[in-house]
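Visitor: Protein chains in written order, with full-length UniProt numbering: chain A, 1 to 293; chain B, 1 to 400.
Honestly, the hints are just simulated from the structure, not real lab data.
Hints may contain errors.
Going by beta-carbon spacing under 8 Å, a handful of chain B positions derived as facing chain A [what the hints assert, rightly or not]:
#: 1; residue: E62
#: 2; residue: C323
#: 3; residue: P330
#: 4; residue: P380
#: 5; residue: F381
Label pairs and their computed distance ranges (CB to CB) [to be verified]:
#: 6; chain 1: B; residue 1: K167; chain 2: A; residue 2: Y13; range: 54 to 60 Å
#: 7; chain 1: B; residue 1: L365; chain 2: A; residue 2: Y13; range: 19 to 25 Å
#: 8; chain 1: A; residue 1: E196; chain 2: B; residue 2: D123; range: 48 to 54 Å
Beyond 12 Å from chain B on every Cβ pair, some chain A residues (computed) [what the hints assert, rightly or not]:
#: 9; residue: E108
#: 10; residue: L224
#: 11; residue: I235
From the three backbone atoms N, C-alpha and C, an ideal C-beta is built for every residue, glycine too.
Below are the chains, spelled out letter by letter.
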Amino acid sequence: MWDYTEKVLDLFYNPQNQGAIEDPSESGIAVVFGEVGSIACGDALRLHLKIEVEADKILDARFQTFGCTSAIASSSALTEIIKGLTLDAALNISNRDIADYLGGLPEEKMHCSVMGQEALEAAIYKYRGIEVEQHEDDDGALICSCFGISENRIRRVVIENGLTTVEQVTSYVKAGGGCSSCGAAIEDLIATIEQEKALTATRVAAEIETAQNRPLTTVQKISLIQAVLQDVRPILLADGGDVELYDLEGDTVKVSLKGACGSCESSTATLKNAIEVRLRERVLPNLVVEAVS
Amino acid sequence: MSAVIYLDNNATTQVDPEVVEAILPYLTQYYGNPSSMHSFGGQVGKALKQARVQVAALLGAEESEIIFTSCGTEGNNTAIRAAIAAQPDRKHLITTQVEHACVLNLFKQLEKQGYTVTYLSVDQRGQLDLLELEAAITGSTALVSTMYANNETGTVFPIEQIGAVAKEYGATFHVDAVQVAGKLPLDMKTSTIDLMTISGHKLHAPKGVGALFVRRGFRFRPLLIGGHQERGRRAGTENVAGIIGLGKAAELAQLHLADLPQEKKLRDRLEKGLLVIPNTEINGDRKSRLPNTTNIGFKYIEGEAILLSLDRYGICASSGSACTSGSLEPSHVLRAMGLPYTTLHGSIRFSLSRYTTEAEVDCVLEVMPGIVQRLRDLSPFNNDQAGWLQDREEAVVVAR
Chain A
1 MWDYTEKVLD LFYNPQNQGA IEDPSESGIA VVFGEVGSIA CGDALRLHLK
51 IEVEADKILD ARFQTFGCTS AIASSSALTE IIKGLTLDAA LNISNRDIAD
101 YLGGLPEEKM HCSVMGQEAL EAAIYKYRGI EVEQHEDDDG ALICSCFGIS
151 ENRIRRVVIE NGLTTVEQVT SYVKAGGGCS SCGAAIEDLI ATIEQEKALT
201 ATRVAAEIET AQNRPLTTVQ KISLIQAVLQ DVRPILLADG GDVELYDLEG
251 DTVKVSLKGA CGSCESSTAT LKNAIEVRLR ERVLPNLVVE AVS
Chain B
1 MSAVIYLDNN ATTQVDPEVV EAILPYLTQY YGNPSSMHSF GGQVGKALKQ
51 ARVQVAALLG AEESEIIFTS CGTEGNNTAI RAAIAAQPDR KHLITTQVEH
101 ACVLNLFKQL EKQGYTVTYL SVDQRGQLDL LELEAAITGS TALVSTMYAN
151 NETGTVFPIE QIGAVAKEYG ATFHVDAVQV AGKLPLDMKT STIDLMTISG
201 HKLHAPKGVG ALFVRRGFRF RPLLIGGHQE RGRRAGTENV AGIIGLGKAA
251 ELAQLHLADL PQEKKLRDRL EKGLLVIPNT EINGDRKSRL PNTTNIGFKY
301 IEGEAILLSL DRYGICASSG SACTSGSLEP SHVLRAMGLP YTTLHGSIRF
351 SLSRYTTEAE VDCVLEVMPG IVQRLRDLSP FNNDQAGWLQ DREEAVVVAR
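Sequences are here, hints too, so could you generate the full structure?
Guide: Structure, rendered in structure tokens:
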């Protein structure tokens with residue numbers, strides 16, 4: 001038997017906001033619904049939203065769900081979460097928010113929370129007149145033909161939930177859960193996403209530290225400075241010069257400029273400034289570069 | 001939660017109190033090894049012999065034709081591998097699409113080892129077509145392996161007719177009778193079956209014990225190699241307590257065969273009452289079915305949600321829906337029957353036992369309409385706007 005939280009069981013036995021929303025035909029009020037899933041898949045959700053047009057805000061949310069215990073509980077949770085939100089805020093709701101509201105879901109049931117997030121997106125896009133297909137199809141190749149799951153849907157859950165295995169992807173969006181012939185494709189996609197993440201991570205690491213304004217230790221500062229200098233060196237080497245970190249005193253970076261560059265006063269000044277700009281951008285905004293001979 | 005109403009007896013059964021009583025001394029006092037050369041162990045050996053007589057009696061077999069195993073899975077694996085070893089020149093095997101995983105997955109592995117396997121299809125009632133068998137079988141078919149009755153629908157296959165075809169081509173005939181022992185009378189003396197598997201916990205014995213019938217004269221090869229236990233046909237120190245329990249359970253099952261009409265009457269009462277609920281259908285062959293099993297599709301709702309709702313009343317049943325299996329596909333049995341998705345996901349199996357009472361059945365009949373209504377009220381399918389979903393269902397069916 002699945003290990004459901006009390007909250008899941010409570011919302012299954014006593015769901016909130018079930019049913020449809022009648023269009024009141026009032027001015028300034030719009031009613032829209034979004035739907036995902038099908039009876040063939042074993043779960044489907046129709047999410048109804050009542051929207052205050054002027055404020056771009058969700059006044060009421062109701063659901064109709066065909067599915068298991070956690071599908072019904074996730075739908076109910078979703079309606080509770082989004083009531084009162086602006087549409088922009090609602091679009092920021094992720095499947096993880098739904099799962100967290102429920103105190104967690106068994107991993108094999110995470111796809112129920114994904115269904116909620118997708119129905120919400122479908123409803124809002126429909127209201128805004130955006131075709132979901134258009135929004136998704138920059139590279140929306142179909143990966144799992146059994147459940148009709150595109151690369152983009154898999155990408156989204158992998159990134160948002162930090163998934164690392166095919167089994168997890170299957171639990172979240174069902175992809176790979178049918179004939180399982182797309183297992184290798186999912187594995188490749190996970191590897192690609194991980195590579196992309198790793199690349200971005202190295203590139204952005206320094207910026208993140210700066211942005212969060214976290215005090216860096218001296219060791220961290222030095223290694224970040226070294227990294228920046230490593231990036232600059234090829235340019236200098238091409239001109240027959242070089243740069244080396246000599247010392248760090250507080251926020252003063254002492255570098256020794258060598259070779260062709262070091263012998264030329266004006267170029268030294270230009271160079272010092274160029275390095276300073278990069279270091280300030282990627283390590284700390286208040287760094288000062290000093291050339292030592 | 002109120003007292004448990006256990007209607008999941010095809011999954012496992014309550015150990016009969018008389019069985020427990022028979023077992024206990026072998027967990028406490030009589031702990032000797034039946035192979036030992038002293039009377040303390042020897043008395044245990046005698047008890048095993050008695051259990052073998054009891055099991056043989058239930059199957060209408062001779063005691064030398066009974067090998068004790070650890071479970072149905074072991075019995076099926078042993079039988080299938082033994083059949084292949086018996087006729088090594090034959091590389092074709094026949095089974096059905098609706099077998100238990102321990103048979104299907106073994107056959108899939110054998111395919112990788114170079115065997116050709118025919119998986120016989122079933123019709124909407126879950127029934128086999130003998131013509132399909134006759135078309136598939138050849139002189140190089142080593143084995144025909146089918147279940148006696150299906151665990152999910154209760155559909156009973158025409159075993160002796162299948163066996164007659166197998167014999168005609170000299171193929172070994174193995175039958176997985178795990179769901180049948182104790183539910184239908186069996187008589188191996190007049191049967192075409194060569195090998196037949198049973199499992200203890202499906203007939204009120206404990207889990208962890210089973211038996212394999214091997215017809216005398218069959219060229220048997222053991223799966224487990226080791227000591228001389230089971231006359232060299234299943235090595236390993238015997239699960240004495242389990243085997244004593246299986247023996248006692250077999251004896252009781254024999255006695256209770258007389259109660260089966262009563263059990264069937266309760267099943268029919270349950271079924272009739274549930275079919276009053278609109279948009280319900282029986283999955284299975286009403287003309288040839290186990291007396292204790294009913295599988296009903298409740299359209300437009302999902303099985304796991306039904307089970308959790310029943311659980312609140314202490315009612316235990318099971319479902320072929322995708323969400324109960326841990327996989328994402330609904331039951332392979334119901335899919336092989338070609339049932340529509342509307343029925344597939346909302347299928348519930350109730351399986352009764354000799355302990356089931358009329359009051360329990362009536363309790364299910366009392367709560368079920370409300371459960372179904374509540375879930376249908378929640379579902380987007382049970383209203384006229386649901387056209388988009390129906391369309392999509394058809395699209396998916398065509399795509400497959």
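Visitor: Return the status of the interface hint for F381 of chain B: holds when the least beta-carbon distance to chain A is below 8 Å, violated otherwise.
Guide: Nearest chain A Cβ about 5 Å off; hint holds.
Visitor: Against chain A, is E62 of chain B within 8 Å by beta-carbon distance?
Guide: violated, 42 Å
Visitor: Is it true that the C-beta distance of E196 of chain A to D123 of chain B lies inside 48 to 54 Å, as the hint says?
Guide: holds, 51 Å
Visitor: Per the stated criterion, does the least C-beta distance between L224 of chain A and chain B lie above 12 Å, as a non-interface residue requires?
Guide: It holds; L224 of chain A is separated from chain B by about 46 Å at its closest Cβ, greater than 12 Å.
Visitor: Double-check P380 of chain B for me: the hint is only fine if its C-beta lies closer than 8 Å to a C-beta in chain A.
Guide: Holds. Min distance 4 Å.
Visitor: Using Cβ atoms only, decide whether C323 of chain B comes closer than 8 Å to chain A, and label the hint accordingly.
Guide: Because about 4 Å separates C323 of chain B from the closest Cβ in chain A, which is inside the 8 Å limit, the hint holds.
Visitor: That 19 to 25 Å hint for L365 of chain B and Y13 of chain A (C-beta), does it hold up?
Guide: Distance hint for L365 of chain B, Y13 of chain A holds at roughly 21 Å.
Visitor: Classify the label on I235 of chain A as holds or violated, using whether its beta-carbon is more than 12 Å from each beta-carbon of chain B.
Guide: holds, 54 Å
Visitor: Does the Cβ-Cβ separation between K167 of chain B and Y13 of chain A fall within 54 to 60 Å?
Guide: holds, 56 Å
Visitor: Given P330 of chain B was flagged as interface, is its beta-carbon under 8 Å from a beta-carbon of chain A?
Guide: Hint on P330 of chain B: holds, closest Cβ of chain A at ~7 Å, below 8 Å.
Visitor: Over 12 Å from every CB of chain B: does E108 of chain A meet that, or does the non-interface label fail?
Guide: violated, 6 Å
When the structure is compared with the earlier hints, violations turn up for hints 1, 9 and for no others.
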